[in-house]
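Asker: Chains A and B, in that order, are what the protein sequence lines are.
The first sequence: position 67 = 67 (our numbering), numbered continuously.
To convert a position in the second sequence, counted from 1, into our numbering, add 1000.
Some chain B residues near chain A, calculated using beta-carbon distances under 8 Å:
no., residue
1, N1182
2, T1187
3, Y1206
4, T1207
5, T1212
6, A1223
7, I1239
8, N1247
9, T1264
10, A1268
Everything labelled a hint here was simulated from the structure, so no lab data went into it.
Each residue gets a CB set at the ideal place from its N, CA and C atoms; glycine is no exception.
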Amino acid sequence: MSVTLFIEQLINGLQLGTMLFLMASGLTLVFGVMGLINLAHGSFYMVGAYATALATAATGSFFTGLVAGVLVAAAVGALVELIVIRRLYHRPHLDQVLATFALILIFSEGTRWLFGSSPLWLSPPQSLTGFVTLPGGARYPLYRLVIIGVGIAVAIGLYLLISRTRLGMRIRAGESDREMIGALGVNIARLYTLVFAMGAALAGLAGAMVGALQSVQVGMGEPVLILAFVVIVIGGIGSIKGALFGAVLVGVVDTLGRVFLPALFRNFMSPSEAAGVGAALAAMLIYILMAVILAFKPKGLFAANG
Amino acid sequence: MTALRNIHNTNNAERVTPMKTFASVGLGLLLSSSLMAAHADEVKIGMITTLSGGGSHLGVDVRDGFRLAIEQAGRDDIELLVQDDANRPDLARSLSNEFMQRDNVDILTGLIWSNLAMAVVPAAVRQGTFYISPNAGPSDLAGRMCHENYFNVAYQNDNLHGAMGAYMREQGYERPILLAPNYPAGTDALAGFKHLYEGEVVDEIYTQMGQTDYAAEITQIRASNADSLFFFLPGGMGISFMNQWDNSGVDLPVFGAAFSFDETIIKAVGSAAIGAMNTSLWAYDLDNEANHRFVSGFQEAYDRMPTLYAAQGYDTALLIFSALDKAHPSDQDAFREALREADFDSVRGKFRFGPNHHPIQDIHVREVVEGDDGQPTNRLVGLAVEDIQDVYAVDCQM
Chain A
1 MSVTLFIEQL
11 INGLQLGTML
21 FLMASGLTLV
31 FGVMGLINLA
41 HGSFYMVGAY
51 ATALATAATG
61 SFFTGLVAGV
71 LVAAAVGALV
81 ELIVIRRLYH
91 RPHLDQVLAT
101 FALILIFSEG
111 TRWLFGSSPL
121 WLSPPQSLTG
131 FVTLPGGARY
141 PLYRLVIIGV
151 GIAVAIGLYL
161 LISRTRLGMR
171 IRAGESDREM
181 IGALGVNIAR
191 LYTLVFAMGA
201 ALAGLAGAMV
211 GALQSVQVGM
221 GEPVLILAFV
231 VIVIGGIGSI
241 KGALFGAVLV
251 GVVDTLGRVF
261 LPALFRNFMS
271 PSEAAGVGAA
281 LAAMLIYILM
291 AVILAFKPKG
301 LFAANG
Chain B
1001 MTALRNIHNT
1011 NNAERVTPMK
1021 TFASVGLGLL
1031 LSSSLMAAHA
1041 DEVKIGMITT
1051 LSGGGSHLGV
1061 DVRDGFRLAI
1071 EQAGRDDIEL
1081 LVQDDANRPD
1091 LARSLSNEFM
1101 QRDNVDILTG
1111 LIWSNLAMAV
1121 VPAAVRQGTF
1131 YISPNAGPSD
1141 LAGRMCHENY
1151 FNVAYQNDNL
1161 HGAMGAYMRE
1171 QGYERPILLA
1181 PNYPAGTDAL
1191 AGFKHLYEGE
1201 VVDEIYTQMG
1211 QTDYAAEITQ
1221 IRASNADSLF
1231 FFLPGGMGIS
1241 FMNQWDNSGV
1251 DLPVFGAAFS
1261 FDETIIKAVG
1271 SAAIGAMNTS
1281 LWAYDLDNEA
1291 NHRFVSGFQE
1301 AYDRMPTLYA
1311 AQGYDTALLI
1321 FSALDKAHPS
1331 DQDAFREALR
1341 EADFDSVRGK
1351 FRFGPNHHPI
1361 QDIHVREVVE
1371 GDDGQPTNRL
1381 VGLAVEDIQD
1391 VYAVDCQM
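With the hints as extra help, turn the sequences into a complete structure.
Answerer: Next up, the structure:
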């Protein structure tokens, strides 16, 4: 295993991590500010991807499609907040899980009903295909580097938004004491809708960017949602910083595990057995990581409320 | 939701023949024996297939192929009942019990997935119902768990992978790298490939089931010194993989089985699929009378290109008709003999059953090319293996 190959796999892990961060940041914001467990977050990921695929097909431009996808995801998020989520804030978590699970079913079956079960076609724009030659000679797809760039830009943007702006101040205040900021005259209802729509937009962005790389189909959000939950539990629920660290950690551990575990087992097993056992163990690796971290830090790495 | 779906589908279950209305409830109770005799020539077929959830286009195509055969043959002695298993073994199991106990079906068919077939078929055939498989062909049902009432019209799961192994060997590829998801059909696929490839492979990579990101695997493939790639990633996994493969800068020739390259999937993959070679038991441009009739009929009826699943559903129906012309399923021995003869014009050309009731058939090679409309499509290239038979037949004792 050469150094360039290792670096390349590290970048692969980083790319998976930044994509997970886009999902996890919205999820953790919504939980931190509103105390809401939102299982339907994966549906916004799917909505963003579908809207992007359809808008790209209609206009012929991926970038127009991407903007449309993010806006549609934000609009759908705001709408869902106004119609459904708003009624759930004072309910126990079990009710929230039940209602947002119902939303997953409605979104999935609705999408299937509208667009059929066959996946939609979406691929990266011509200007972003091709490769970049890394130091050391390996070639790396440009589009994946762009995803990393977008992820980092969003992370910086969110950091500035939360630490430097009035909205960010309200979000932080909402995290520490919901009743108090209401009493201080902040329009909580509007703040909640805004935060929820922002989370949906980030999920939509992730869905659109990744949809071009993978496939745009019904139910595409759920596997990512599970990983995003692992990320926010590891990072500490409600913490953006935790979501960033957790996402990169999960991305890198998952990617390196998939590659190096089978190689490790090959030292004392036949190749096909090693591949099977290694793959099975790699699938468990991030959950083992989560269990170990929770054993030492029960509230995650960067717990928001101390 | 399950309950809702069931109600919905029961309403949708089609009654092909109006004869059904004759069996009015009151009369039926009084004159049951004589009426039964009068209806002896009517046959009930229960189809359990995947019409919703992941991979539903497979079930839809099997059903539509089957229906087309009924329409083309103009048969009014068949009542086809269709139910959706939503790709869930437990649901498939309870649907099969419903079909056998409530509807008294003579023949069961339709299952797409091997794990569902394993849940349904052994119990069904033990109770004396015929099961004719239009797709799934797990090794156990071909070998040690084979049964006289179980017939597979499609293939044994290894067939297409093994045929590709033989073809790649013949084409002179010496260092293939293999990729499949880590679940029974995935490991079976690679085992089947290696069985007929008869050479060393560079590496085998197992991915997670339902995985969507293949960056790590593609990097691994690039770093290996392989001269070709063989992969088995059914459904959405294959679409994701091909898209990422296309943008990765690796330019190894790509091989697979038709499951990753059916007409629906390659439309979603787009130009990234062009150039890939795949093995199939059927191609829409196979030149024979039955196939022309099937392909043009299917396009006319459903306004889309048929997939191999549609061809398999169609052949399943033709096989059943050919046997019904000779015997009624209530005469089990005669009907079984009639099925064994496989006396029908398959869309695949020649077709016969081996001793374990699995096909002995030719496997063809297709290449994904750009069609006249600019969309990718499959074109027949040639024969991979003639008269392939599965290796499990020797374990089968009937």
